[in-house]
Structure formats: C-alpha cells, structure tokens
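Enquirer: Sequence:
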Amino acid sequence: MIERAIGFMTERDRFYAETYLRIHGFSTETIMRVLFNQRRRRGTTRPAEQERQELDEQTAAA
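Quick note on the numbering used here: the sequence shown kicks off at 244 and runs consecutively.
These are calculated hints, taken from the structure and not from any lab test.
From a predicted model like this one, the values you see are computed outputs, not experimental measurements.
Treat each hint with caution, since some may be false.
Unchecked claim - Using C-beta positions, here's what the derived DEER-type ranges look like:
hint, residue 1, residue 2, range
1, Ala-303, Thr-273, 32 to 38 angstroms
2, Leu-298, Asp-256, 21 to 27 angstroms
3, Ile-266, Glu-297, 17 to 23 angstroms
The beta carbon of each residue, even a glycine, is placed where N, CA and C say it ideally should be.
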C-alpha cells in the first residue's frame with residue numbers, strides 16, 4: 244500500500260496519496276514520513292551528491 248501511495252504522488256498528487264493512506268488506517272506519523280521524507284522511501288532516493296548540489300543552489304539563491 245505504501246508503494247502504491249508513492250505512485251499516486253507522481254500520478255496524481257500528494258493529497259490523493261494522503262487520503263489513500265488514511266482510508267487504509269495508517270498513522271499520521273507514517274503518512275508524513277511517506278509523503279515528506281524521501282530518504283525513507285524505498286527505490287526513490289536520489290544520490291546524496293545531487294541533493295547537496297540542490298541545497299547549495301537554494302542557499303546561493305537566498
């Protein structure tokens with residue numbers, strides 16, 4: 244079910260995925276982890292170097 248919710252985030256939107264998880268009785272903590280903590284998602288993590296570059300770009304723009 245978690246993998247399906249992650250798929251819904253790309254196919255539809257985050258709110259659809261959140262509703263799907265709530266209907267199936269997942270705790271708020273689990274839902275927030277799935278929706279917002281990309282590192283904890285299986286198979287969807289980005290290389291650390293790419294994340295560092297994005298953070299550097301955001302910091303430089305601010």
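Enquirer: Each of the hints needs a verdict: does it hold here or not?
Expert: Here is how each hint holds up against the structure:
Between Ala-303 and Thr-273 the beta carbon distance is about 35 angstroms. The supplied range of 32 to 38 angstroms therefore holds. Roughly 25 angstroms separates the CB atoms of Leu-298 and Asp-256, a value that falls within the hinted 21 to 27 angstroms. The hinted range of 17 to 23 angstroms is not satisfied by Ile-266 and Glu-297, whose Cβ atoms lie roughly 33 angstroms apart.
Of the numbered hints listed earlier, the single one contradicted by the structure is hint 3.
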